[in-house]
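A.B. asks: So the chains spell out like this:
Number of protein chains: 2
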Amino acid sequence: MQDPLKIAVVGSGLVGTLLAIYLKKAGHTVHVFDRSPDIRKIQFSGRSINLVMSNRGWKALRDIGLDDEIKKIGIPVDKRAIHMAGKPLNYQYYGQDGEAIFSLSRGILNRRMIDLAEEAGVEFFFDQKVWDVNLTVPSLQIGETERGEWTEHKYDKIFGADGAFSRVRHRMQRQSMFNYSQEFLKLGYKELHIPANADGSHKLDKNSLHIWPRGEFMLMALANPDGSFTCTLFMPHEGANSFENLTDKNLLVAFFAKHFPDTKEVIPNLVEDFFKNPTSYLVTMKCYPWTSTDKVALIGDACHAIVPFYGHGMNAGFEDITVLNNLMNQYENDWETIFKEYEKSRKPNTDAIAELSYRNFMEMSSKTADEKFLLQKKIEKWFSEKHPEKWLPLYSRVTFSLNPYSEALKIGDFQNQIMEEILQTQNIEQKWNAPETEARILELLEKKI
Amino acid sequence: MQDPLKIAVVGSGLVGTLLAIYLKKAGHTVHVFDRSPDIRKIQFSGRSINLVMSNRGWKALRDIGLDDEIKKIGIPVDKRAIHMAGKPLNYQYYGQDGEAIFSLSRGILNRRMIDLAEEAGVEFFFDQKVWDVNLTVPSLQIGETERGEWTEHKYDKIFGADGAFSRVRHRMQRQSMFNYSQEFLKLGYKELHIPANADGSHKLDKNSLHIWPRGEFMLMALANPDGSFTCTLFMPHEGANSFENLTDKNLLVAFFAKHFPDTKEVIPNLVEDFFKNPTSYLVTMKCYPWTSTDKVALIGDACHAIVPFYGHGMNAGFEDITVLNNLMNQYENDWETIFKEYEKSRKPNTDAIAELSYRNFMEMSSKTADEKFLLQKKIEKWFSEKHPEKWLPLYSRVTFSLNPYSEALKIGDFQNQIMEEILQTQNIEQKWNAPETEARILELLEKKI
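Order-wise, the sequence lines are chains W and F. Residues 1 to 449 in the UniProt record's numbering are what the first sequence spells out, letter by letter. Residues 1 to 449 in the UniProt record's numbering are what the second sequence spells out, letter by letter.
Chain W with its partners taken away, still in its complex shape (with noise of 0.2 Å):
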């Protein structure tokens, strides 16, 4: 057991509150300030993507007891749906029968997990606005203006778990040897909707992502419980398709008419959707160190904010906080051990997801299109389901395994070469799953990764 403490979570986003959660059944005394007022009080933002929870995420929640609560709140999603224009549906699977991620609204969410924090003793201060932070008191600077008054609160530890534009890792970025980077992709996203019929069922597929890949862009929908859908369109801020031409009304409608007619009926409100909400950037943010000495430590988005196209920033976040309950658990009150070992095990793990989350938008926007894509696909199912325990495919064991996100990056790489090769054979669309086939695959796995 650890001695209690009085500690600060700087940010009630999902990580900041389940962490939360997790510091306040441990015997700590937590409070949880938020810039933003109350999400329970406001419309949302009309800028979110809606969340996939998978293994990584429903871990951090069982552990606690909250898997059930916030499953009720999911709908389960097992496949892809391929909307190619001119041609029926193609249906993708994600992994063996009954593996799901869960279509999550982030809003529902999160206003569910504050909920259950306050039900915990979790105390929430919101419109409380964190310009500063000491870390060797350590103390948050709180005031109404960045110029204004501040008023200094102490704690044993503050955890920033405040996304991705931090501030409480604006502060450590002041310190020497302090490593970091921001890098925007070319591409921005808008969040359009698609509503329930009149009698609340879903207008699609409900336990389907949907996705219109179009190369350089691509739509993509998941479904809310209310029978609704909330789309998202990725797509370059500049140059031929972009958001930066789309002006006026009559160029979306075309738009939308020439390259995703199908949406035609599901999306009723996309003229006052598309103007009406903000175009929002995508970045890749990275750090190191993530504590400063015993006293400060990032969490989430706050130290490794990645793209959305694998679905899993809420996971990884998530999993930090498995990781670090681990550690307290293993280390009690030697809080600089468990920070020191909490920043070095995750560090490997948030650059390999980062990678893969960057790399997975020419998967969702071209590759899914792409028949020797789906040859490569159909083989590594055919044989992974032959030989369970030598081939488990990329997306299976980022999503619906707990290994660690390095070892699959790497694992994938190494698949992805074998299968590069595999694909070479001549009229491997009719031997794909022919003996000779399996033979050679068994001996690429021999080669030493």
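Among the clues, some could well be false.
[To be verified] Computed beta-carbon distance windows for the label pairs: (1) W:148 - F:176: 23 to 31 Å; (2) F:29 - W:144: 32 to 40 Å; (3) F:136 - W:69: 43 to 51 Å; (4) W:179 - F:195: 32 to 40 Å; (5) F:176 - W:144: 21 to 29 Å; (6) W:388 - F:367: 46 to 54 Å; (7) W:344 - F:374: 36 to 44 Å; (8) F:386 - W:435: 57 to 65 Å; (9) W:148 - F:195: 48 to 56 Å; (10) F:239 - W:148: 44 to 52 Å; (11) F:2 - W:179: 36 to 44 Å.
[Said to hold, decoys possible] Not the full set, but computed from the structure, chain W residues with beta-carbon under 8 Å of chain F: (12) 179; (13) 180; (14) 181; (15) 182.
Since the hints were derived computationally from the structure, they do not count as laboratory data. Note that beta-carbon positions come from the ideal geometry of N, C-alpha and C, so glycine has one too.
Start from chain W and add chain F according to the hints.
C.D. replies: For chain F alone, kept in the frame of chain W given last:
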């Protein structure tokens, strides 16, 4: 001719001061702000590495008529002098006969340049701390402390020449789509000092860059006009041979006696200097964009801080000024185009010199003592003298030419591939200048880069 404007330059370092001279001579009113006191009125910091001026730096000075003034305070350096324990000094010439870089004390150079700028009519404001910048007015926010009262100073253009930790960039960094990275080396450095002889002469050959290459760490020395040398010890912050481990006098003296025995005579104040002078950090910083609309631009270390191992930090910054000045002459009052073309043309080149500088630590600290590397240099020199139009060695292309850095990096990598292959020839030690070696290099050069 440009219409005369009121321009602020933040930072009175080498790049800021030279830029101010260019802007003043182009007809503008120029105010230079620096958060530090006037360097002409204070002692030097004890944390500086001597600079080496080479072709790119000289060009920027020559174009504005200042090269002769600065040559007076520089010392030509035409070779490396390698100090290996128990071996005679090994001299490695940098280029052709007469080609030399110039050793300059940062402090002395900076003082002289501020004098020259004042003579040209630039106005300097020292002890003026810029805390923030309004990018749209544009204006500077200046005050005693970050949290105290600020006054706003409006200008037509603002240049951030305020170094690796630029406040101007700091404001740009908070904009969307601003890419940024800072990466610290595990290596730090410390300034040491070789005083002049009693008669004012140098204790070592003044026309050499002296290196004591020891693999993971190294010592170097560059001459000053007063007979002294500025020495720099580069060493890891932590680990076996590290700053962290040299905690007292005895350890330090034993370390130098073991690794740098021939310095005992020439560094009399080793202990005092070592513990008085700070251990400094080495960082590579990259960002993009470098400009904000047609109002604000970054220059020098503020947008491309590099590690010092190629001696090109100042040269790259001065080349920024050459490029900017050419664009000012070409586009006159079209500052938007000037700024866009400036950042677009400089970025790939400053990325390239960052990479070359990073790699050069290995060359200086290890390869200069390696037989294979010396053989490679010998072959390159021989071949390049026979075929000057076909082979300009990398160091010469970077340092004694004005060809783009990005081209130097690319061609250098190609040349290295060729040399790797040549060095694998049987008995290359004997055949290094044989006709068949020459023929083979010519053949390999025919391949496309």
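A.B. asks: Okay, which hints does this one fail, numbers in order?
C.D. replies: none
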